[in-house]
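A.B. asks: Protein chains in written order, with the working numbering: chain H, 161 to 321; chain Y, 161 to 321; chain C, 516 to 928; chain U, 516 to 928.
Hints in this document: simulated from the structure, not taken from any laboratory.
Glycine included, C-beta positions come from ideal geometry on N, C-alpha and C.
Certain hints may be false.
Claimed, not checked - Distance condition first, Cα-Cα at most 25 Å in a straight line; then the derived SDA-like pairs of lysine to any residue: (1) Y:Lys-240 to Y:Leu-316; (2) H:Lys-297 to C:Glu-536; (3) Y:Lys-192 to C:Glu-536; (4) C:Lys-921 to C:Leu-533; (5) H:Lys-297 to C:Leu-542; (6) Y:Lys-297 to U:Glu-602; (7) Y:Lys-242 to Y:Leu-316; (8) U:Lys-921 to Y:Pro-299; (9) H:Lys-297 to U:Asp-924; (10) H:Lys-297 to U:Glu-602; (11) Y:Lys-240 to Y:Gly-213; (12) Y:Lys-297 to C:Glu-567; (13) Y:Lys-192 to C:Thr-783; (14) U:Lys-921 to Y:Leu-173; (15) H:Lys-297 to U:Arg-563; (16) Y:Lys-192 to Y:Arg-182; (17) Y:Lys-297 to C:Ala-589; (18) H:Lys-192 to U:Leu-782.
Said to hold, decoys possible - Partial list, derived from the structure: chain H residues whose beta carbon lies under 8 Å from chain C: (19) Leu-164; (20) Ile-171; (21) Pro-179; (22) Cys-200; (23) Gly-201; (24) Asp-202; (25) Glu-203; (26) Ile-205; (27) Gly-224; (28) Cys-225; (29) Ser-226.
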Amino acid sequence: MSGLQDLYREIILDHYRAPRNRGELPVPPAHKVEGFNPLCGDEVILYLEVEDGMVVDVRTSGQGCSISQASTSMMSAAIKGKPVAEVATLIRAFKALMSIHESKLEGADGSDGSDAGGTDLAGVRLGDLEALQGVVKFPVRIKCATLAWNVLQQGLDETAV
Amino acid sequence: MSGLQDLYREIILDHYRAPRNRGELPVPPAHKVEGFNPLCGDEVILYLEVEDGMVVDVRTSGQGCSISQASTSMMSAAIKGKPVAEVATLIRAFKALMSIHESKLEGADGSDGSDAGGTDLAGVRLGDLEALQGVVKFPVRIKCATLAWNVLQQGLDETAV
Amino acid sequence: MSTTALDVARIQADFPILRREVRGRRLVYLDSASSAQKPQAVLDAMDRVYRESYANVHRGVYTIAEEATTLFEAARAKVARFVGAREAREIVFTRNATEAINLVAYSWARANLRPGDAIVLSLLEHHANVVPWHILREERGIEIRWIPLTADQRLDLSDLDRLLDGAAMLGVTAMSNVTGTIVDVARLAAAARAAGAHVLVDACQAVPQMPVDVTAWDADFVAFSSHKLLGPAGIGALWARAELLEAMPPFMGGGEMIRDVTTDGFLTNDIPWKFEAGTPAIAEAVGMGAAVDYLDAIGMDAVRAHERELTRYALDVLTDRFGDRLRVFGPAGADDRGGVVSFLFDDIHAHDVSQVADEEGICVRAGHHCAKPLMRELGVPATTRASFGVYNDRADVDALVAALTKVEDFFSI
Amino acid sequence: MSTTALDVARIQADFPILRREVRGRRLVYLDSASSAQKPQAVLDAMDRVYRESYANVHRGVYTIAEEATTLFEAARAKVARFVGAREAREIVFTRNATEAINLVAYSWARANLRPGDAIVLSLLEHHANVVPWHILREERGIEIRWIPLTADQRLDLSDLDRLLDGAAMLGVTAMSNVTGTIVDVARLAAAARAAGAHVLVDACQAVPQMPVDVTAWDADFVAFSSHKLLGPAGIGALWARAELLEAMPPFMGGGEMIRDVTTDGFLTNDIPWKFEAGTPAIAEAVGMGAAVDYLDAIGMDAVRAHERELTRYALDVLTDRFGDRLRVFGPAGADDRGGVVSFLFDDIHAHDVSQVADEEGICVRAGHHCAKPLMRELGVPATTRASFGVYNDRADVDALVAALTKVEDFFSI
Ligand SMILES: Cc1ncc(COP(=O)(O)O)c(C=O)c1O
Ligand SMILES: Cc1ncc(COP(=O)(O)O)c(C=O)c1O
Numbered sequence: 161m162s163g164l165q166d167l168y169r170e171i172i173l174d175h176y177r178a179p180r181n182r183g184e185l186p187v188p189p190a191h192k193v194e195g196f197n198p199l200c201g202d203e204v205i206l207y208l209e210v211e212d213g214m215v216v217d218v219r220t221s222g223q224g225c226s227i228s229q230a231s232t233s234m235m236s237a238a239i240k241g242k243p244v245a246e247v248a249t250l251i252r253a254f255k256a257l258m259s260i261h262e263s264k265l266e267g268a269d270g271s272d273g274s275d276a277g278g279t280d281l282a283g284v285r286l287g288d289l290e291a292l293q294g295v296v297k298f299p300v301r302i303k304c305a306t307l308a309w310n311v312l313q314q315g316l317d318e319t320a321v
Numbered sequence: 161m162s163g164l165q166d167l168y169r170e171i172i173l174d175h176y177r178a179p180r181n182r183g184e185l186p187v188p189p190a191h192k193v194e195g196f197n198p199l200c201g202d203e204v205i206l207y208l209e210v211e212d213g214m215v216v217d218v219r220t221s222g223q224g225c226s227i228s229q230a231s232t233s234m235m236s237a238a239i240k241g242k243p244v245a246e247v248a249t250l251i252r253a254f255k256a257l258m259s260i261h262e263s264k265l266e267g268a269d270g271s272d273g274s275d276a277g278g279t280d281l282a283g284v285r286l287g288d289l290e291a292l293q294g295v296v297k298f299p300v301r302i303k304c305a306t307l308a309w310n311v312l313q314q315g316l317d318e319t320a321v
Numbered sequence: 516m517s518t519t520a521l522d523v524a525r526i527q528a529d530f531p532i533l534r535r536e537v538r539g540r541r542l543v544y545l546d547s548a549s550s551a552q553k554p555q556a557v558l559d560a561m562d563r564v565y566r567e568s569y570a571n572v573h574r575g576v577y578t579i580a581e582e583a584t585t586l587f588e589a590a591r592a593k594v595a596r597f598v599g600a601r602e603a604r605e606i607v608f609t610r611n612a613t614e615a616i617n618l619v620a621y622s623w624a625r626a627n628l629r630p631g632d633a634i635v636l637s638l639l640e641h642h643a644n645v646v647p648w649h650i651l652r653e654e655r656g657i658e659i660r661w662i663p664l665t666a667d668q669r670l671d672l673s674d675l676d677r678l679l680d681g682a683a684m685l686g687v688t689a690m691s692n693v694t695g696t697i698v699d700v701a702r703l704a705a706a707a708r709a710a711g712a713h714v715l716v717d718a719c720q721a722v723p724q725m726p727v728d729v730t731a732w733d734a735d736f737v738a739f740s741s742h743k744l745l746g747p748a749g750i751g752a753l754w755a756r757a758e759l760l761e762a763m764p765p766f767m768g769g770g771e772m773i774r775d776v777t778t779d780g781f782l783t784n785d786i787p788w789k790f791e792a793g794t795p796a797i798a799e800a801v802g803m804g805a806a807v808d809y810l811d812a813i814g815m816d817a818v819r820a821h822e823r824e825l826t827r828y829a830l831d832v833l834t835d836r837f838g839d840r841l842r843v844f845g846p847a848g849a850d851d852r853g854g855v856v857s858f859l860f861d862d863i864h865a866h867d868v869s870q871v872a873d874e875e876g877i878c879v880r881a882g883h884h885c886a887k888p889l890m891r892e893l894g895v896p897a898t899t900r901a902s903f904g905v906y907n908d909r910a911d912v913d914a915l916v917a918a919l920t921k922v923e924d925f926f927s928i
Numbered sequence: 516m517s518t519t520a521l522d523v524a525r526i527q528a529d530f531p532i533l534r535r536e537v538r539g540r541r542l543v544y545l546d547s548a549s550s551a552q553k554p555q556a557v558l559d560a561m562d563r564v565y566r567e568s569y570a571n572v573h574r575g576v577y578t579i580a581e582e583a584t585t586l587f588e589a590a591r592a593k594v595a596r597f598v599g600a601r602e603a604r605e606i607v608f609t610r611n612a613t614e615a616i617n618l619v620a621y622s623w624a625r626a627n628l629r630p631g632d633a634i635v636l637s638l639l640e641h642h643a644n645v646v647p648w649h650i651l652r653e654e655r656g657i658e659i660r661w662i663p664l665t666a667d668q669r670l671d672l673s674d675l676d677r678l679l680d681g682a683a684m685l686g687v688t689a690m691s692n693v694t695g696t697i698v699d700v701a702r703l704a705a706a707a708r709a710a711g712a713h714v715l716v717d718a719c720q721a722v723p724q725m726p727v728d729v730t731a732w733d734a735d736f737v738a739f740s741s742h743k744l745l746g747p748a749g750i751g752a753l754w755a756r757a758e759l760l761e762a763m764p765p766f767m768g769g770g771e772m773i774r775d776v777t778t779d780g781f782l783t784n785d786i787p788w789k790f791e792a793g794t795p796a797i798a799e800a801v802g803m804g805a806a807v808d809y810l811d812a813i814g815m816d817a818v819r820a821h822e823r824e825l826t827r828y829a830l831d832v833l834t835d836r837f838g839d840r841l842r843v844f845g846p847a848g849a850d851d852r853g854g855v856v857s858f859l860f861d862d863i864h865a866h867d868v869s870q871v872a873d874e875e876g877i878c879v880r881a882g883h884h885c886a887k888p889l890m891r892e893l894g895v896p897a898t899t900r901a902s903f904g905v906y907n908d909r910a911d912v913d914a915l916v917a918a919l920t921k922v923e924d925f926f927s928i
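Modelling step: build the complete structure from the supplied sequences, incorporating the hints.
C.D. replies: See the structure below:
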């Protein structure tokens, strides 16, 4: 089961079993945003409280597989209390981590939408999130891992307007 | 070229080169009806003058291959001056001649629309028309041979109303 | 190993992909409800077209064009006979069942439905029989009424008369691809007819699993796909009564579907070609014909008996082994369901179940199975689904049980 | 035998059907404009899918489903690259070019055209690019304007500005399937854009015969089929600019094309899947990918050079041998036409020409070639058409000439 251990690292299963920041926040001041994985029905709902360019609070709900729920949980922990600019970099770095294989699955040659390639993300520390790297060996599951991040991006775009 | 000689009998080439009853009739009293072979664009136009249950006169125009034009010509010669009832029998007999193979091409098992099977057509004399029998070995061409007869059927149906 | 109605070992030998291994384990394919594997006879039939008789159909007078046309139309006749159609021309070849249903929505429904007209659907429906009607609703303002479900996911027909009252159409699946529920189509069709409604049947799951007779159903439209029927993907069929097809306006425009075209307009061709614009999937039609020949040789009664026995076995061993930790949806008895077993396993998400099962070479589907209204009704985002084909046997079910034990171990660490 | 840009003998060996005989004679296939034959590499690619990696795509997490999905999407990327698309998601897989054009008519045009809006078509168009607009005209009351032809069946652009004035769309073939006329798409597209019209290109004949770069054309929509491109039938493609696809409403509804479905409505999936409802033609997409790989390996510049040389040779020998008794349609020079030669032979009907040629193993098309408006313009009900693929050489043209001599003898008895 070596492939599986790669996918389901202990820290992932831990976030899956004990998700951080579950719950809701009053809307407003929080902004609510949700997303689906059209292929499997997984659902991520984020409540984002952004103030003065900071993600002051975040809560998550929704349902899905271990990977999507762990990714959501790890993301919430990673962005809480961070400046929006830093979160934006984190999103790009995470997507870069996932991107080679995602674009392979999509059939494109790496040029499809991801702008991570051209940016220097060497300095970004992903910490625990790096445990999700094993997902790239399971292309179908990449969308599970990136779902929360796409929803986050959408939420930040909407609050920025 | 034995197969070809079967298809292109001398009498067929004769009707093709010197088609009988070409021309038009004043409408009314004549009835004009036309039909296409959707697959090849062949066109048959008939002018039918039906009086007191008799096909008193017929003229043909249109364009097409040797088979469709010869069949039109032979048909016109065969029906001119005949009672409509007799013409109806002739149509059925001709279609029966063509039908086994037509329905094979259509993929049906002989039960598709042709009602010739159940009727006793043994007594019907097709005369020269039997020269068209060779067409059944060339399924794609059957529609060339039957085009004029379908147009005739439609014309009779319309004049009967 | 197998005690079902079929000689499964012999059948398995007909399916080349079943000789494949995944990570050193034999492939256990339990996803036939999504798409079935293909027997050698189907692959050979298609290959023969390409090697010997490939040409466009209905167009050339030369030998190979005539051969291709004859093969193509013979396939239509086989498919027609297989589902009990009165005539070959009642079969329109489409890309898949989805296009067949969209054809009904774009041609028949747009010509016949007015704002306020009602369509009755069931909560079992696959998206293919939901979304075309949502699109039409947005465009035309029709109403969609839903047949509710019983606690075991049968249709709850207690209110059927009221639902059908004044409805223009009933659209219903003959067998659910999620719960396996078999629907009594003939009874529903009779009720719909009595109410003056047309009847569309999604027979995508039923045609591969049981004898289907569209004439006996007395429906108006029946949609199904080749790829679930041991045939290739890329082709499916709409059966409809000839008079209806004749009265319907064309759907797509192009070559083949016309009798004449000028700069001012066009005349349509005869049915079924009126609905087959452009070059069709030629080898695939022939492959679909070979697939129904293959199933005919087995016999659809035997196929149904096999599906029932295997389903009963699966329901039994899953319950025996996992008890309440495994929740199966759909009717309890195998008589009322096809060869589909959808379940929740503990609180382990279907994706994770399927991922671990894959490690053992087992192919089961995880997800919403293109039936999100039903998933909402079940109150779950996703299920794990095992579904059976003629090539499955009890050993495959046993392999699934063994894999689920590993899933349990893995996620309880 | 061949002095063209390609090593035709080697290429012929790649096409199994060319080893077939018809009535003891070698098959001389001169109907590639209708549908092309398939190389072994394409048949192998499809067979491999069925034997090793067949499963439904985008749905399963198990190994063979992932393999099938990867192969399917890789094929899309290959097709995208082959026609110069910026991104793979600009390629929507359809059944054929006909469906691609109908998709534009049902989705983009119905969302954007109002009664009285004008569409400009050319008299060269295939029914696939005529009938969808007739259907829309009947439904919406749009106007169709026709670009006339010169005496040698090029587009007569003298009045183009007036025709485009206020038009919503220009729909034009890149190469006629009857006369072989090559159209200067980039120039027409620029004129249409300047007039504010969208541009739809029917590239069904162009993509198999010459290098095509949809981005350089600067069109909005480009339609083509796999089966003319050495790939299988049952699959084709619509290329469209991503922003356009994103703005367009869906066409067919069903699985795959949705993000969410409830009993009240649905959300659409991302492009291109938004337009791919239901199970697609999986092995066929992979086969289409293998076909463009095969053509890429030959090089489309070489293919074009080959088509031009063979066409020039055919025009020369036909004129030499038959003079005025054989009337060829289309531009006189091979530079301005693709590998298609349509002709009238004496007053012998095309059906009869083709029938006698078949006796010699030669496959030529007879009929209206799904271009009846053009046939009316030419004043003929049908032509005989010889068309060339990468596997044809001068010997094939010589065989046609010999057969025409027999036709002449036969009908002058
Ligand atoms: C120019 C042109 N357009 C469109 C088509 C239609 O292609 P298909 O039948 O593959 O949809 C054809 C082929 O017949 C063609 O030659
Ligand atoms: C019940 C049912 N209807 C419709 C469909 C759609 O079939 P296709 O994807 O072949 O169009 C499916 C298959 O997914 C199904 O199971």
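A.B. asks: Does each hint fit the structure? Answer for all of them.
C.D. replies: Hint by hint, here is what the structure shows:
At roughly 13 Å between alpha-carbon atoms, Lys-240 of chain Y and Leu-316 of chain Y fall within 25 Å of each other, so this suggested pair holds. For the proposed pair Lys-297 of chain H and Glu-536 of chain C, the alpha carbon gap of about 19 Å is at most 25 Å, so the pair holds. About 69 Å separates the Cα atoms of Lys-192 of chain Y and Glu-536 of chain C, which puts this hinted pair outside 25 Å; it is violated. A distance of roughly 23 Å separates the Cα atoms of Lys-921 of chain C and Leu-533 of chain C; the hinted pair therefore holds under the 25 Å criterion.
Proximity of Lys-297 of chain H to Leu-542 of chain C is assessed by CA-CA distance (about 20 Å); at most 25 Å being required, the pair is judged to hold. Between the alpha carbons of Lys-297 of chain Y and Glu-602 of chain U the distance comes to roughly 51 Å, so the proposed pair goes past 25 Å and is violated. With a C-alpha separation of about 13 Å, the suggested pair Lys-242 of chain Y and Leu-316 of chain Y falls inside the 25 Å cut-off, and the hint holds. With a C-alpha separation of about 22 Å, the suggested pairing of Lys-921 of chain U with Pro-299 of chain Y holds against the 25 Å cut-off.
The hinted pair formed by Lys-297 of chain H and Asp-924 of chain U fails the criterion: a straight-line CA distance of about 69 Å is larger than 25 Å. For the hint linking Lys-297 of chain H to Glu-602 of chain U, the alpha-carbon distance of about 24 Å falls within 25 Å, and the restraint holds. The straight-line distance between the Cα atoms of Lys-240 of chain Y and Gly-213 of chain Y is roughly 12 Å, inside the 25 Å bound, and the hint therefore holds. Using a Cα cut-off of 25 Å, the hinted pair Lys-297 of chain Y and Glu-567 of chain C holds, with the two alpha carbons roughly 20 Å apart.
Distance hint between Lys-192 of chain Y and Thr-783 of chain C is fulfilled; the C-alpha atoms sit about 20 Å from each other, no more than 25 Å. Simply put, Lys-921 of chain U and Leu-173 of chain Y have alpha-carbon atoms about 16 Å apart, close enough for the 25 Å limit, and the pair holds. For the proposed pair Lys-297 of chain H and Arg-563 of chain U, the alpha carbon gap of about 23 Å is at most 25 Å, so the pair holds. For the hint pairing Lys-192 of chain Y with Arg-182 of chain Y, the CA-to-CA distance comes to about 14 Å; that is within 25 Å, so the pair holds.
A hinted pair counts as satisfied when its Cα atoms are at most 25 Å apart, and Lys-297 of chain Y with Ala-589 of chain C qualifies at roughly 17 Å. The hinted pair formed by Lys-192 of chain H and Leu-782 of chain U meets the criterion: a straight-line CA distance of about 18 Å does not exceed 25 Å. A hinted interface residue such as Leu-164 of chain H counts as satisfied when its beta carbon comes closer than 8 Å to some beta carbon of chain C; here the least separation is about 6 Å, so the hint holds. Taking 8 Å as the C-beta contact cut-off toward chain C, the hint placing Ile-171 of chain H at the interface is violated, the least distance being around 13 Å.
Of the supplied interface hints, the one on Pro-179 of chain H is violated, with its beta-carbon coming no nearer than about 13 Å to a beta-carbon of chain C, more than 8 Å. Nearest Cβ of chain C to the Cβ of Cys-200 of chain H: about 4 Å, under the 8 Å cut. The hint holds. The beta carbon of Gly-201 of chain H is positioned within 8 Å of a beta carbon in chain C (closest approach about 4 Å), and the interface hint is therefore held. Annotation: Asp-202 of chain H was flagged as interfacial toward chain C, and the flag holds, the nearest CB pair being 6 Å apart, inside 8 Å.
The beta carbon of Glu-203 of chain H comes within 6 Å of a beta carbon in chain C, closer than 8 Å, and the hint placing it at the interface holds. Interface hint at Ile-205 of chain H: violated, since its Cβ lies 12 Å from the closest Cβ of chain C, which is beyond the 8 Å cut-off. A hinted interface residue such as Gly-224 of chain H counts as satisfied when its beta carbon comes closer than 8 Å to some beta carbon of chain C; here the least separation is about 6 Å, so the hint holds. Interface restraint check for Cys-225 of chain H: the shortest CB-CB distance to chain C comes to about 3 Å, inside 8 Å, so the restraint holds.
A hinted interface residue such as Ser-226 of chain H counts as satisfied when its beta carbon comes closer than 8 Å to some beta carbon of chain C; here the least separation is about 5 Å, so the hint holds.
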